[in-house]
Amino acid sequence: MPGGAACGRGSHLDRVDASYATVGPVEEWLEAHRHLWSPNTVRGYAASLAQWWSFLEQRGEAGRWAEAGVPAVAGFLSWLRIGRTVEHALTAPSGVPSAETLHARLAALISFYQWQEAVHSVPVAGRLLRGRAARMPSRGLLAHLDGRRRPGPSSLVKVRRRRAGRPPLLLPQEIQAIIDGCATWDDAAGEWAGNLRDRLLFSLLAESG
Amino acid sequence: MRLGEVLGMAISDFVMGRGGTAYIEVVPRAGNPNLARVKMMRPRRIYVSADLERLFADYLTHLAGRGRHDGGELAAA
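Chains as they are written, first to last, in numbering that gives the first Met the number 0: chain A, 0 to 208; chain B, 0 to 76.
Next up, chain A with everything else stripped away, as it sits in the complex (with noise of 0.2 Å):
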């Protein structure tokens, strides 16, 4: 990658723009939710702000980064699905992202500005977002909760995602043979043969769900 940070998959690396200068906007949401959210959660959403972020340098825009409004983020999903043609690429080339993968970069970015909009007034959030949900769930009977809170702004960019498929399932007999397999009682010895501690740790998960 001529030009190009390497992005590592430590936390660090992964928020370098072209030039090898860390990205002080995005360096400072990390930090404030670095303690609140699960480390995935962090790792993920600077993977995510560095694409956007060598997306906003290839088009010479990574200064007026809090200006960008609804067209440039439908054209950062784009360029995220069509393949991205860059030569300064921030993280390496791999296959065309699934609808899950740009829903987590559009979330990312969501909060990102909606932090910086809370903090710094930077006016992307606003534009970004709507005052209503686009579609209200189903409740049914419980439909009295929905005038306890007010539903959340929604994006007016969107990823459609396909229907998530039931989870997988074990039956009984399965998840007994699971558990039986890692250490049955003895009769002969008078003692757990296999790994005690694997029984236990399959039954405990059996038995809460």
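Mixed in with the good hints there might be a few duds.
Short derived list, chain B residues pointing at chain A, Cβ under 8 Å [to be verified]:
(1) M0
(2) V5
(3) D12
(4) I45
(5) L54
(6) Y58
DEER-style ranges, computed between Cβ atoms [what the hints assert, rightly or not]:
(7) B:R41 to A:G180: 23 to 33 Å
(8) A:L168 to B:G16: 22 to 32 Å
(9) A:A73 to B:P32: 36 to 46 Å
(10) B:A29 to A:P70: 19 to 29 Å
(11) B:G18 to A:E30: 31 to 41 Å
(12) A:S153 to B:G18: 46 to 56 Å
(13) B:M15 to A:A73: 51 to 61 Å
FYI, nobody ran anything at the bench for these hints, they're computed from the structure. For every residue, glycine included, the Cβ atom is placed at its ideal position computed from N, Cα and C.
We have chain A already, so just place chain B on it with the hints.
Frame of chain A, contents of chain B only:
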């Protein structure tokens, strides 16, 4: 129970029933040596069956026996 909750569990988090129902106190801990992490760092209590309690008691016995064989002591949990 979530995997992160089980893997970050200490022996003292399992509270024996003593006539009542045994339960597990999920205690979020930062910096577990195996990197286990409770999702959202949210503590909760999970009640378990007598069978599982018995299995846990067997596991403690097994640990104690192993400790004796190794000549070492059980790590304080």
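Does 19 to 29 Å hold as the CB distance between A29 (chain B) and P70 (chain A), or does it fail?
42 Å, violated
Any CB of chain A closer than 8 Å to the CB of L54 (chain B)?
6 Å, holds
Can you tell me whether the CB distance of A73 (chain A) to P32 (chain B) sits inside 36 to 46 Å?
45 Å, holds
Is the shortest C-beta separation between Y58 (chain B) and chain A less than 8 Å?
Holds: closest Cβ of chain A sits about 5 Å from Y58 (chain B), inside 8 Å.
Cβ distance range 23 to 33 Å for R41 (chain B) and G180 (chain A), holds or violated
31 Å, holds
A closest beta-carbon separation below 8 Å is what the hint needs, so does I45 (chain B) meet it against chain A?
5 Å, holds
In this structure, is the beta-carbon distance linking M15 (chain B) and A73 (chain A) contained in 51 to 61 Å?
Holds: the Cβ-Cβ distance is about 58 Å, inside 51 to 61 Å.
Hint V5 (chain B) vs chain A: min CB-CB distance below 8 Å?
6 Å, holds
Is the shortest C-beta separation between D12 (chain B) and chain A less than 8 Å?
11 Å, violated
If you check the beta carbons of L168 (chain A) and G16 (chain B), does the distance land in 22 to 32 Å?
30 Å, holds
Pairwise beta carbon distance, G18 (chain B) to E30 (chain A), judged against the given window 31 to 41 Å
50 Å, violated
Taking the least C-beta to C-beta distance, is M0 (chain B) closer than 8 Å to chain A?
This interface hint holds because 4 Å falls under the 8 Å limit.
Hints 3, 10, 11, counting from the list given before, are not met by this structure.
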